[in-house]
Amino acid sequence: MSLTYLDAICEAQAHALRDDPRVFIYGQDVGAFGGAFKATKNLAKEFPGRVIDSPISEDAMVGLAVGAAIEGMRPIIEMQFADFSTVGFNQIVNQAATLFWRTNVSCPITVRLPFGGTSGGGPFHSQSLETIYAHYPGLIVLTPATVEDAYSMLLEAVAIDDPVIFCEHKFLYRHLKAEKLPSEALPIGKARIAREGRDLTIVAYSAMVQDALEAAEELATEGWEVEVVDLRSVKPLDTDTVMASVSRTGKLLAVGESWPWGGVTAEVIARVTSEGYGLLDAPPQRLNAKDTPVPYHPNLWAAHRPTVRSIGAAARKILRH
Amino acid sequence: MLETVSEPRAGQIEAVPEAHLSAYRFMLRARLLDEKFAALYRAGKIHGGVFLGRGQEALSVALGISLNKSDVFAPLIRDGAGRLAFGENILDAVRTYLGSSLGPMRGRDGNVHRGNPQAGYLPMISHLGAMVSVVNGVLFARRMKGITGMVGAACLGDGATSTGAFHEALNQAAVEKLPLVLVVADNQYAYSTPTSRQFACESLADRAVGYGIGSHTVDGTDLTACLKIVGGAMANARAGGGPQLVVAKLLRLCGHGEHDDANYIDPKLKNSSLGRDCLKYAEETILKNKWSAAAQFAIWRNEAVEEIEEAVAQVQREPTPDPFAEEWTALSTKHLIEGNI
Chain A
246 MSLTYLDAIC EAQAHALRDD PRVFIYGQDV GAFGGAFKAT KNLAKEFPGR
296 VIDSPISEDA MVGLAVGAAI EGMRPIIEMQ FADFSTVGFN QIVNQAATLF
346 WRTNVSCPIT VRLPFGGTSG GGPFHSQSLE TIYAHYPGLI VLTPATVEDA
396 YSMLLEAVAI DDPVIFCEHK FLYRHLKAEK LPSEALPIGK ARIAREGRDL
446 TIVAYSAMVQ DALEAAEELA TEGWEVEVVD LRSVKPLDTD TVMASVSRTG
496 KLLAVGESWP WGGVTAEVIA RVTSEGYGLL DAPPQRLNAK DTPVPYHPNL
546 WAAHRPTVRS IGAAARKILR H
Chain B
69 MLETVSEPRA GQIEAVPEAH LSAYRFMLRA RLLDEKFAAL YRAGKIHGGV
119 FLGRGQEALS VALGISLNKS DVFAPLIRDG AGRLAFGENI LDAVRTYLGS
169 SLGPMRGRDG NVHRGNPQAG YLPMISHLGA MVSVVNGVLF ARRMKGITGM
219 VGAACLGDGA TSTGAFHEAL NQAAVEKLPL VLVVADNQYA YSTPTSRQFA
269 CESLADRAVG YGIGSHTVDG TDLTACLKIV GGAMANARAG GGPQLVVAKL
319 LRLCGHGEHD DANYIDPKLK NSSLGRDCLK YAEETILKNK WSAAAQFAIW
369 RNEAVEEIEE AVAQVQREPT PDPFAEEWTA LSTKHLIEGN I
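Residue numbers (our numbering), protein chains in the order written: chain A, 246 to 566; chain B, 69 to 409.
Simulated from the structure, these hints should not be mistaken for laboratory data. Check before you lean on any hint, since a few could be wrong.
Unchecked claim - Cβ-to-Cβ under 7 angstroms is the rule here; a few derived chain B residues that face chain A:
no.	residue
1	L100
2	R176
3	S201
4	Q240
5	S271
6	E406
In this text, a Cβ means the ideal position worked out from N, Cα and C, and glycines have one as well.
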């Protein structure tokens, strides 16, 4: 049997619904229809009254989740696309993220964001918003890059007492496959060495991990041994694992699919530069999408975001420093 | 266009003398507490703003007094009277304004941003309309747990009805048929903006038709009417009649905050029936009906002043937050705080 990243997300939700009566799913088309991407396929039937269609009201969807969390529930909110979460942004960053700090009452909600580019998605169905949520105190921001992590991290997200922004990459939904679901996993907050190497550290997360691994394969044929660190969670950010890797390689490239101004890659470089300046043999570099909305046409889209090719080119530049 | 579509069932919610007198005493305490906060503000004893409920006490108390302890209440900035009636103690109000670390917000938030979520008393964020869907969520969860016979109430001003959050939440409550009572104090100004720049329908109560929910209008300066209409709306919601919108017309008898002299308020409005002081009118009603004597007002006033002064004196001796003792994390999951991983 082979499971996709999307299957893993559906299975994790089924598991959470089965194990914990406090869990319910609320979002647009998540009920009988099974969700725009089928991430809740068959769940409404299996768990009657607990997988519920919402009106197209992202603000009220998150507000309802916060109220339910106050009442002791553990809601999962599916945003149809990450892009639309900006309509519910206020409830996420000002209501959910501040509740515990203000009142000592925790807010265990999980907001699932199908994010990232797929060819033809265009400006409003392709965005990567992990950076903007990571900026706000009180949120956990997760970016699984594998089928196994999609499953185990979503289960852990539902169990966490704080609001979790769960960024699931739409390209990985059907692209990645695994033989079985994991029975154990690294805890949230720990990064993973996805590939070992001695010449350069590439720090990536979500779909960019897969592209970075492919680039590393290519570079290996040229004699370069590239280490790839999969952050898994961008907040909290596992600086220790990144620093340990840079201490071995002396070189750093941070890759992210989101826009270049600030963000996760800038945070990684800032931390390594300030805490590990002496470890670096070359100026650290970062690679992000271009500073425009995400274009529709495949020709433009493929040039907008980092690719195996552009990651390889950026890596060679650092390696030849 | 719409008149009250749902009268309370006969004998169920009546503005009986006892209810009226009890409500009046909460109004009086709220007015005096507000006056104390204003005085402390002028004396430079309060950090940040002070927001009064002057002119809105009748509406606010009618809501607070109609709620049970097991209900949910999301008051807004001018609901001092409703808060007291719902069960807030004066000490916690003073502690929040003065930033006592013993208060419910521990100096992390102040003034009107106070509550106790686990007691169904939700602390407002400043983004208007945002609390309504949170009330929906509590009601939704309780229904999932099989709890019935309860209601959730949220308060807004006329300005908040222009937000997307208001629309989304009211529509959501209607779709889910939640026992929500949404009370709008149409107090003629959102900060300085008159209602003519806020909405173009004749009455905000007309909007209820579009949501498919109960609609009620009331003279917000008349305590008797507020008790009857708000109580009736709540009874409808409690009995399974779905969301209820109550729109009260009144005039804000103060600035937006104490920093605001409100010189933009049209003098004609002040002299109109909207500008009637609900507290004075409640007193007149009591005297006219001989439910109590004028001498009793002075006794209640003195009792309230004493209680407030004692609370302020006590809170002024309480500790303020210590930045060195502060945890400086917004997460409740301690093992996910960077540095603990």
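Broken hints, by number:
Numbers 1, 5 - these are the hints that the structure violates, sorted from lowest upward.
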